[in-house]
Amino acid sequence: MNTPDMMRDDNPFAPLRKDATAGEKITRKSLTAWQDIWYRLKGNKLAMFGLWVIVAVVLLAIFIPVFSPFSHDTNELANKNAAPSWTHWFGTDNLGRDMLVRTMTGAQISLFVGVMAAIIDFFIGIIYGAIMGYFGGKVDEIMNRISEILYAVPNLLVTILLLVVMEPSLTTIIVAMSITGWINMAWIVRGQMISLKNQEYALASQVLGAGHMRILFRHLIPNAMGPIIVTVTLSVPSAIFTEAFLSFLGLGVQSPKASWGTMISDSIGAMTLFPWRLFFPAFFLSLTMFAFNVLGDGLRDAFDPKLKK
Amino acid sequence: MVAFVLRKVSFMVVTLFLLASLTFVLMNVIPGSPLQSEKATSEQVKKNLEAYYGLDKPMFERYITYMDNLIHGDLGVSMKKKFQTVERMISSSFPYSLRLGLVSVVTSVAGGVILGTLAALYHRRFLDHFAMIIAVIGLAVPSLIMGPLLQYIFSVKLGWFSVAGLKGPLDYILPTIALSASSIAVIARLIRSTMVEVMNGDFIKTAKAKGLTGHMIVWRHALRNSMLPVVTYLGFMIANVITGSVVVEQIFAIPGLGKFFVSSIIDRDYPLIMGTTIFYAAILLVGRFIADIAYVLVDPRIRLKGGKAGA
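Residue numbers (our numbering), protein chains in the order written: chain A, 1 to 309; chain B, 1001 to 1311.
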């Protein structure tokens, strides 16, 4: 007769000895929520492409003006409207200024405006929205009415009005854009607060005697970070677009500085003769907006896998 | 429903009032008189001009006059184009903008619905990716680039369309594309994501089980239920088209209101800026109002307090 041990050695179909603890063994590294999100984002090729494009544009915007032999405001009148060449990769404009350096200083301005506007929206929106959603009741009612009225005011028109009467400068543009820009963020945070404030961990924290501020900033807002980050990412391209739009109308940054919008508006008249003057700023503006949009979409999917396509 | 409409209308009135007050204050806090830039004038001429524009009266009185005139539809007189009233300038140029705007709104909805439906029906197949690439391009390339680009390719290089102006129906094509590209993109994405969900719904399975044809299911059931987010987007789209038209009219040299708006900004023609701003704002608010009403009418799930639909 075979012993059970021998059977296992000889018979390939014999059941293995079960180890009750093996099923519970953690074989892979456990991921934090943020690692998990990063992992999902990495799987999204389009979003990663957007991320790398943004990184590349930022690096180009920082380093090209530093290392280029030209500056964004040196005129070279003998060499104006030159086509792209080895000396001037992107050609020159109507005053003989190097378009490569101008496009990249334009990138600095456009990105700065976009990011600053997004940051201001972020802070005002979170504070206003958190107070609205968390405290609810009369406070919510009144603050919501105020934001609704502000929202009903066409934001681009108000921005234009302010820019017409104020000194045109970068600060003015950012301030003017922020006046109505934060409302969307505030509403998103409000919605999050309303759904999160009755969750068990918030109640537990309250029972343990935590104050409003601690519950809000330690528990609720960190848990609402997903939608907030998505909104911030998507508000950058819209701010960049608004800036380009205002510069196009002649209300943006003033010469010799130029954003993408200014360069586009300057070059439209000469489009048929010197198309490169339009092409490069237009290309980078579109590329950046594309990158932020796909990154925002990717982040949305990464934060909320249930929503995925 | 009545309460809802009343609330929305009162909001509109409050907003317009605030905006008009804001424009008035802004117009008056600018240092110096708007007439300062005029050529050297004698003291008497200056006095007369000030009296003509009502600048010699105290600010509060002017505010009352301004508001009173506004209520009666009088937006004042342009400062740069002598003796032209603002409302005449608006009424002579607005029809161009309105026609272009309406064509663009219709194009946006039609284009977006077609693109989004195709993407949803061919989910994760070639047509879906193709439609979504078009949509992302539409989103990333703003009208102020799309306009010159289309103009360069189709008018200058290929010579298919006239470069500028709005004379024949063909001239509408390029401005319309430039104006509706971003809205088409947004609507296509909205339709796609809702329709993918809707197509898995029980009522679609029922329709299939009943033996309805694919077309019937898509048009009668799926699309209808996917239109809700689009209706929500209508308000934004109207704003989009209006602001876009400012740029597009400039690019294609269309004698619409947008072009006046730009030229008034460049000329610092304050009464004209204020007039066009308030006019644009009024259109925008009416557009949003219509979108709100449409939303309530389309979605039977929304029950309004005091309405009969509730039961």
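Derived by calculation from the structure, the hints in this document are not laboratory data.
Virtual Cβ for every residue (Gly too), placed ideally from N, Cα, C.
Just to be clear, a hint being listed does not mean it is correct.
Covered stretches of chain A (in silico footprint by chain B; criterion: 3 or more residues with CB under 8 Å from a CB of chain B, positions within the stretch not fixed) [said to hold, decoys possible]: (1) 195-203; (2) 245-258; (3) 268-280.
In silico contact screen, one side only, chain B against chain A (beta carbon under 10 Å); selected entries [as the list claims (entries may be wrong)]: (4) F1011; (5) L1016; (6) L1022; (7) L1102; (8) K1157; (9) R1189.
Against the structure, the hints come out as follows:
no. : hint    : result
1   : 195-203 : violated (count 0)
2   : 245-258 : holds (count 5)
3   : 268-280 : holds (count 5)
4   : F1011   : holds (6 Å)
5   : L1016   : holds (9 Å)
6   : L1022   : holds (7 Å)
7   : L1102   : violated (19 Å)
8   : K1157   : holds (9 Å)
9   : R1189   : holds (9 Å)
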